[in-house]
Amino acid sequence: MRLAERLTNRRGTVSSWTAVVVLAIAVPLIVDQLSDYDVTLCITAAITAIVLQSVGIVTDRAGMLAVAPLSFAGVGAWIVGVCNVHGWPGGFYLWLLIGGLAAMPIGLLVGLPALRLRGINLAVITLSFAVALDSLLTQWQFPGTLSDQFVQRPNSLTNDTSFFLLCWIIFLVFALVIWGLGRRPAGAAWRSVARSERATAAMGISVPRTKLFAFVLSAFIAGISGGLVVGQVSTAVAANFDPVASLSIFAVAVLVGAGNMEGALLGGIFGAFMPEVLQSIGINQNLGNILFAIGAIQVLSVGTSMTGGWRRSLRRLARRRAQPIDAATAVAEAAEVAASAGAVAPLAPPAPAAPAAAAAAVRNGAPAGSARNGTGAPALSIAGLTVRYGSVVALESVDLEIPDGKVHGLIGPNGAGKSTLVDAVTGFVSRYEGSIAVAGVALEGLAVHRRVQAGVRRTFQQERTVPELTVGEYVRLAAHRKISRQEIAEVIGLIGAPAPEALIAEVDVGARRLVEIAGCVASRPRVVLFDEPTAGLAQAESLHVARSIASLPERFGFSVLLIEHDMEVVLAACEHITVLDFGHTIAEGAPAEVLAMGSVVSAYLGEQAVAV
Amino acid sequence: MLQAGIAGFADSGGAYAILAVCLILVFRTTGVLSFPIAAVGTTGTFLTSVLYGHGWSYVPAAVAGVLLGAVVSAAFGLAYVRWFFDSSTAHRTTVAIALLLGTISVSLMVFGDTPRLIPYMVAGNAFTLSGVKVSGNGVIALVLALVVAGAVTETLDRSQAGLRLRAISQRPISCELLGIPVRSMAVTVWAISGALGTLALLLIAPERSTEISDLSFLVVPALAAALVASFRHYGVAVLSAVALGAVQGMLSYNQSLSNYQIVIPFAMILGLLLWFERREVWDEAR
Numbered sequence: 000m001r002l003a004e005r006l007t008n009r010r011g012t013v014s015s016w017t018a019v020v021v022l023a024i025a026v027p028l029i030v031d032q033l034s035d036y037d038v039t040l041c042i043t044a045a046i047t048a049i050v051l052q053s054v055g056i057v058t059d060r061a062g063m064l065a066v067a068p069l070s071f072a073g074v075g076a077w078i079v080g081v082c083n084v085h086g087w088p089g090g091f092y093l094w095l096l097i098g099g100l101a102a103m104p105i106g107l108l109v110g111l112p113a114l115r116l117r118g119i120n121l122a123v124i125t126l127s128f129a130v131a132l133d134s135l136l137t138q139w140q141f142p143g144t145l146s147d148q149f150v151q152r153p154n155s156l157t158n159d160t161s162f163f164l165l166c167w168i169i170f171l172v173f174a175l176v177i178w179g180l181g182r183r184p185a186g187a188a189w190r191s192v193a194r195s196e197r198a199t200a201a202m203g204i205s206v207p208r209t210k211l212f213a214f215v216l217s218a219f220i221a222g223i224s225g226g227l228v229v230g231q232v233s234t235a236v237a238a239n240f241d242p243v244a245s246l247s248i249f250a251v252a253v254l255v256g257a258g259n260m261e262g263a264l265l266g267g268i269f270g271a272f273m274p275e276v277l278q279s280i281g282i283n284q285n286l287g288n289i290l291f292a293i294g295a296i297q298v299l300s301v302g303t304s305m306t307g308g309w310r311r312s313l314r315r316l317a318r319r320r321a322q323p324i325d326a327a328t329a330v331a332e333a334a335e336v337a338a339s340a341g342a343v344a345p346l347a348p349p350a351p352a353a354p355a356a357a358a359a360a361v362r363n364g365a366p367a368g369s370a371r372n373g374t375g376a377p378a379l380s381i382a383g384l385t386v387r388y389g390s391v392v393a394l395e396s397v398d399l400e401i402p403d404g405k406v407h408g409l410i411g412p413n414g415a416g417k418s419t420l421v422d423a424v425t426g427f428v429s430r431y432e433g434s435i436a437v438a439g440v441a442l443e444g445l446a447v448h449r450r451v452q453a454g455v456r457r458t459f460q461q462e463r464t465v466p467e468l469t470v471g472e473y474v475r476l477a478a479h480r481k482i483s484r485q486e487i488a489e490v491i492g493l494i495g496a497p498a499p500e501a502l503i504a505e506v507d508v509g510a511r512r513l514v515e516i517a518g519c520v521a522s523r524p525r526v527v528l529f530d531e532p533t534a535g536l537a538q539a540e541s542l543h544v545a546r547s548i549a550s551l552p553e554r555f556g557f558s559v560l561l562i563e564h565d566m567e568v569v570l571a572a573c574e575h576i577t578v579l580d581f582g583h584t585i586a587e588g589a590p591a592e593v594l595a596m597g598s599v600v601s602a603y604l605g606e607q608a609v610a611v
Numbered sequence: 000m001l002q003a004g005i006a007g008f009a010d011s012g013g014a015y016a017i018l019a020v021c022l023i024l025v026f027r028t029t030g031v032l033s034f035p036i037a038a039v040g041t042t043g044t045f046l047t048s049v050l051y052g053h054g055w056s057y058v059p060a061a062v063a064g065v066l067l068g069a070v071v072s073a074a075f076g077l078a079y080v081r082w083f084f085d086s087s088t089a090h091r092t093t094v095a096i097a098l099l100l101g102t103i104s105v106s107l108m109v110f111g112d113t114p115r116l117i118p119y120m121v122a123g124n125a126f127t128l129s130g131v132k133v134s135g136n137g138v139i140a141l142v143l144a145l146v147v148a149g150a151v152t153e154t155l156d157r158s159q160a161g162l163r164l165r166a167i168s169q170r171p172i173s174c175e176l177l178g179i180p181v182r183s184m185a186v187t188v189w190a191i192s193g194a195l196g197t198l199a200l201l202l203i204a205p206e207r208s209t210e211i212s213d214l215s216f217l218v219v220p221a222l223a224a225a226l227v228a229s230f231r232h233y234g235v236a237v238l239s240a241v242a243l244g245a246v247q248g249m250l251s252y253n254q255s256l257s258n259y260q261i262v263i264p265f266a267m268i269l270g271l272l273l274w275f276e277r278r279e280v281w282d283e284a285r
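Residue numbers (numbering that gives the first Met the number 0), protein chains in the order written: chain W, 0 to 611; chain S, 0 to 285.
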């Protein structure tokens, strides 16, 4: 079944590549046949498409609102002008590159305030930057304007068709780079940041670095596009890069989904040809921006961009064709069968006995826990942990020790402090008293992603996989280390998660939980903290997840702290449990014994229930 | 220089303050950062200008402009409660950016991009103090800003409607389930902000550029002032806006620095946001 699925997906990939190659070759051939004026429009479309690629990275992929793409283009353009006036060596090609590079520190500066703050801040700072830079560019005038020192294209680019070819090649190169990054952790992390910064940090990824990379690359691409504008018309004016034009590009990016290659291309065509079409039928060109604004709002109200919608339809079509071998359907069907039978059946094909060797392979490469590195230290050791939120004491002097290779349960009623404990261990709450150590390594003073790198992993009460990634891409991202395709497939197979090629958006919640577990396993942690991993799952799915978790220490050699409300899950998975109530440890021991204790029952049900 | 600062303090500061108060009001009650506030005000102001040019006297022309601002803004509020009531902050903000673009473009389409005479609400100077001339419009803007900030603070703190608005800003859906007319109250707030935004633009536009986009981007200094107030304290926003107007006024006095006054709000926003981010803050709850 998996092989057939892979073949289907490979067919899809092959057809996508064929389409891209045909497009890459056909477009210049078509443009070659056009009139001079139409070629000029095509150049504008290609340059606009490149700017849209820069917006696509920050806004569409990384989920941050940067509304000043043309301001960075303006920086690139002005730098090309400066190079020209000062007669810098290297000529237009090198100046273009310098323009892009010069935009990068500006992108860094403007992006800095958004590293830790989210939401509206980047929109505010970029809008104010666009307005300020517009004012400055208006005053400074384009270098060489007064002295008639216009930028000359190199001999190889003197005709517009060859200049279009340059723009087209640059567009394709950026498209390839963005596509390639998207499939690798560096670019996949943008999607993860857009989905949840907490979850990204919990995978050991530095959120500020991920955002900065997006800003800087985006500024570089925009800077290059500005240089191309100068190459097209030999000069520039501030109006080319004014804030209204930037807002228009932003709206088009939202409308088309500029994170996709075809989206940026379509947006470029819209941006270049819409004013021409409107002018030719005698309608005010401002209508174009109005339509872009309405289109962007419409897209936001339905929740998917134009090309995002097209991709979804194509996938649906492909799935319909490959119905019998579709991974998501298979998983969903398995769950349905299990639920209807009332059996504790696995969601996906169970981990067969044969992969024991594979498990050993995953385990062997691990930075070993106590049993593996011989330190003898417990996997997780918490001593005197106290956390206060103002005057509220969430945890007080909690001690907890998880030996190597065990599943330890942490239970307690709502508000007992369970998730606070997970937050403290993983660094999301950094102000606490007491000490926390993983395999003997103290975590105090370490940021979240550093703690992860020390061997602590966690999941969240709500699953936080990244819907835009495939299962394989997610596991590679979550592994946060070099990992082969084969090892990813092995880990996924062992956990029983959907196939690596399956898009996470198209698998059900239970399967996504398994994908999260696979991600944790692939990272070779020392201890994993599962925060209510079965929340929202049906009973059959819950027990399947519980069994998967129970088998993790033996198969992969790490320890587990399992926070759970479902006592069936606790009994199925844990060898030892700790009970918290109002921030204090009230019981500890074997699950069956602890759950029978009066103090535990009263913590959950109240004193009266115990009396009854 | 000091004189220029005092003049700027009133001429620009008052209008910035009104806009900043509107931004906070809409943000605190509906969770939307109203990027198009100055663009809406510009639309109303240009209608006033057109009507005035057609021989209307100032007051009815201004009333028509303010009404237009209120109606356009209410329409935006309706769009939000209709389609983006439960949307994420990022979606709401993106919509606000699109509305800013749409408003500017509609204004350009309707009113054209040729410079236009914007009539003064009050011609000439209100008074001269130690040789400093303070314009009538500036004084009105300042007084209006103080009145609006006081009224909004008083309303939110003391009245039943204020209590409801504060609740709406925290838990809109819970409020709706409690029977509070959340949607109509939100639209009303939008309408009020549109009217006030138009008044602010009517007061500042005669002193400024008459280009639609320049006037629409007066939202930026207002954003800077609102940011100083953490989008929360109306009085702080008024003070910051007035201070910003004064600094810009002082810069305008110096020939070589006058061209850089528009950079001040950007520098202010950059500095403030960097200050706010000195501590690590995580996104949504676990």
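Some clues are possibly wrong.
To give an idea of the interface, some chain S residues facing chain W are shown, with a C-beta separation under 10 Å as derived from the structure [claimed, not checked]:
1. Asp156
2. Ile191
3. Thr209
To be clear about the criterion: a stretch of chain W counts as covered by chain S if any three or more of its residues have a C-beta under 8 Å from a C-beta of chain S, and this derived list gives those stretches [what the hints assert, rightly or not]:
4. 30–44
5. 119–127
6. 178–190
7. 231–244
8. 278–286
9. 290–297
Here are a few chain W residues that face chain S, going by a calculated C-beta distance under 8 Å [what the hints assert, rightly or not]:
10. Leu64
11. Val130
12. Gln138
13. Leu164
14. Ser300
For the record, the hints were derived by calculation from the structure and aren't laboratory data. Just so you know, these numbers come straight off a predicted model, no measurement behind them. Just so you know, even glycine gets a beta-carbon here, dropped at the ideal spot from N, CA and C.
Verification of the supplied hints:
1. Asp156: violated, 23 Å
2. Ile191: Constraint on Ile191 of chain S not satisfied, violated at 21 Å.
3. Thr209: It is violated, given that the least Cβ distance between Thr209 of chain S and chain W is near 16 Å, above 10 Å.
4. 30–44: Check failed, 0 qualifying residues.
5. 119–127: holds (count 7)
6. 178–190: violated (count 0)
7. 231–244: Holds: 3 residues of the segment 231–244 of chain W have a Cβ under 8 Å from chain S.
8. 278–286: With 3 residues close enough to chain S, the hint holds.
9. 290–297: Since 5 is at least three, the answer is holds.
10. Leu64: With Cβ-Cβ at 6 Å, under 8 Å, it holds.
11. Val130: With a minimum Cβ separation of about 5 Å from chain S (threshold 8 Å), the hint on Val130 of chain W holds.
12. Gln138: Check passed: Cβ of Gln138 of chain W comes within 5 Å of chain S, closer than 8 Å.
13. Leu164: Result: violated, 32 Å to nearest chain S Cβ.
14. Ser300: holds, 4 Å
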